[in-house]
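Construct the complete structure from the given sequences, taking the supplied hints into account.
The residues making up each chain are set out below.
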Amino acid sequence: MSEVVGGIFTSHVPGIGGAIAKGLQSDPYWKPFFDGFEPVHAFLRREKPDVAVVFYNDHGLNFFLDKMPTFAVGAAPEYRHEDEGWGIAFDRPMPGYPELSWHIIESIVNDEFDPVTCQTMTVDHAVAVPFELAWPEGDFPVKLVPIAINTVQHPLPSPKRCFELGKAVGRALESWAADEKIVIFGTGGLSHQLEGGRAGHINTDYDKFCLRNLAPDPEALLQHDTLDIVELAGSQGVEILNWIAARGALRGSVHELASNYHVPISNTAAATVLLENRAVVHA
Amino acid sequence: MTMLAFAQSDATGKRVIPGTPVFDGASAQAGYALNAMCFSFNTQANRDAFVADEDGYMDRFHLTETQKRAVRERDVPAMIAAGGNVYYLAKLAGIFGLNVQDLGALQTGMALDDFKAALMGHAVTERRVNAQELAL
Numbered sequence: 000m001s002e003v004v005g006g007i008f009t010s011h012v013p014g015i016g017g018a019i020a021k022g023l024q025s026d027p028y029w030k031p032f033f034d035g036f037e038p039v040h041a042f043l044r045r046e047k048p049d050v051a052v053v054f055y056n057d058h059g060l061n062f063f064l065d066k067m068p069t070f071a072v073g074a075a076p077e078y079r080h081e082d083e084g085w086g087i088a089f090d091r092p093m094p095g096y097p098e099l100s101w102h103i104i105e106s107i108v109n110d111e112f113d114p115v116t117c118q119t120m121t122v123d124h125a126v127a128v129p130f131e132l133a134w135p136e137g138d139f140p141v142k143l144v145p146i147a148i149n150t151v152q153h154p155l156p157s158p159k160r161c162f163e164l165g166k167a168v169g170r171a172l173e174s175w176a177a178d179e180k181i182v183i184f185g186t187g188g189l190s191h192q193l194e195g196g197r198a199g200h201i202n203t204d205y206d207k208f209c210l211r212n213l214a215p216d217p218e219a220l221l222q223h224d225t226l227d228i229v230e231l232a233g234s235q236g237v238e239i240l241n242w243i244a245a246r247g248a249l250r251g252s253v254h255e256l257a258s259n260y261h262v263p264i265s266n267t268a269a270a271t272v273l274l275e276n277r278a279v280v281h282a
Numbered sequence: 000m001t002m003l004a005f006a007q008s009d010a011t012g013k014r015v016i017p018g019t020p021v022f023d024g025a026s027a028q029a030g031y032a033l034n035a036m037c038f039s040f041n042t043q044a045n046r047d048a049f050v051a052d053e054d055g056y057m058d059r060f061h062l063t064e065t066q067k068r069a070v071r072e073r074d075v076p077a078m079i080a081a082g083g084n085v086y087y088l089a090k091l092a093g094i095f096g097l098n099v100q101d102l103g104a105l106q107t108g109m110a111l112d113d114f115k116a117a118l119m120g121h122a123v124t125e126r127r128v129n130a131q132e133l134a135l
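Taken in order, these protein sequences are the chains called A and B.
Start counting the first sequence at 0; every next residue gets the next number (numbering that gives the first Met the number 0).
Start counting the second sequence at 0; every next residue gets the next number (numbering that gives the first Met the number 0).
Hint data in this document are derived by calculation from the structure and do not stem from the laboratory.
Treat each hint with caution, since some may be false.
Dumping the calculated DSS-like pairs for lysine-lysine here, alpha-carbon to alpha-carbon at most 25 Å [stated by the list, open to error]:
(1) B:Lys115 x A:Lys207
(2) A:Lys159 x B:Lys13
(3) B:Lys115 x A:Lys30
Structure representation (structure tokens):
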């Protein structure tokens with residue numbers, strides 16, 4: 000039987016990729032963020048997951064405005080990070096898992112979600128940076144299923160819809176018969192805004208509200224609609240939708256193992272959270 | 000927690016968040032050509048072609064005159080007003096040697112050091128680790 004062992008939630012700023020490319024992990028500006036990954040490394044050494052299911056948003060590498068899916072599931076045999084405009088492309092390929100991708104697609108469509116399915120797909124820093132952070136060396140030891148959520152072009156899916164998507168993916172994973180360990184990623188956030196007169200907006204109160212409730216009471220995050228979140232957390236703070244979906248995929252007794260909140264990285268309030276997903280208790 | 004400001008609406012009833020352009024269908028239509036050009040900058044050869052002949056490259060992507068003027072003048076707020084989306088504009092900014100902190104300073108009218116200082120004004124690091132369970 001498969002087992003969803005936990006969730007890794009982290010920011011995915013391009014600047015983090017730049018810091019990795021330049022080897023700045025111990026630089027005083029970057030160290031407090033990178034130190035947040037020590038517990039993640041310990042967890043991954045202990046659990047040795049076989050699969051990573053990653054909820055993220057594309058920033059104009061794989062998808063453009065000509066065809067913008069609200070939800071898209073990767074079903075490719077392999078994924079690559081490519082140049083996004085600033086000349087950095089991490090070269091380690093990320094192995095795919097088409098069989099599991101199609102199992103998830105079958106299952107969530109049966110649950111009345113309607114994703115775009117992608118047999119070829121590139122992944123941008125929103126997947127590549129968390130993978131580089133989680134597994135800094137060697138070949139990636141997991142097979143990847145990427146699930147993209149539109150956080151670019153409004154109207155965006157509601158927080159409730161994203162949470163329900165995550166739960167549907169969680170049910171799909173629980174019904175996956177292979178004897179494999181699965182880790183969930185939610186990437187992006189926390190509060191930040193890049194454009195407009197409010198560029199540089201950061202709301203530590205909202206971020207701490209999210210961090211405090213993520214494990215014990217994720218439904219608290221559903222009380223704000225998408226534009227409320229834009230107002231509270233900034234235009235790009237709405238990437239918390241990826242975290243909300245990822246949290247939905249953890250359906251057991253969820254327990255926080257580590258949380259690292261560090262402001263600022265680039266223009267962003269950054270965070271890394273590690274949640275353990277203990278067995279679902281049936282009444 | 001910081002409460003929401005009183006929700007504001009424009010004349011058509013659409014919600015307005017001060018200082019925060021919401022990239023919706025209207026913006027996506029208006030900004031299509033500009034964003035399509037920026038999307039092309041994922042490729043180094045296209046970045047080089049733009050640098051070699053900016054006007055010719057903008058013609059290829061059918062930018063509006065307003066969009067062309069905003070690009071020529073490196074006017075980020077005007078690019079946003081013309082439908083530019085910052086996720087795509089970031090690729091153009093990179094060609095100009097600007098990062099997102101430079102963009103933030105340009106759009107808020109602050110000096111770069113002041114913009115960075117404003118971000119540092121929120122500086123905080125809070126860490127919780129269950130070292131025992133993780134055997135750290």
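Structure-based check of each hint:
1. B:Lys115 x A:Lys207: Answer holds: B:Lys115 to A:Lys207 is near 22 Å, not above 25 Å.
2. A:Lys159 x B:Lys13: holds, 22 Å
3. B:Lys115 x A:Lys30: holds, 18 Å
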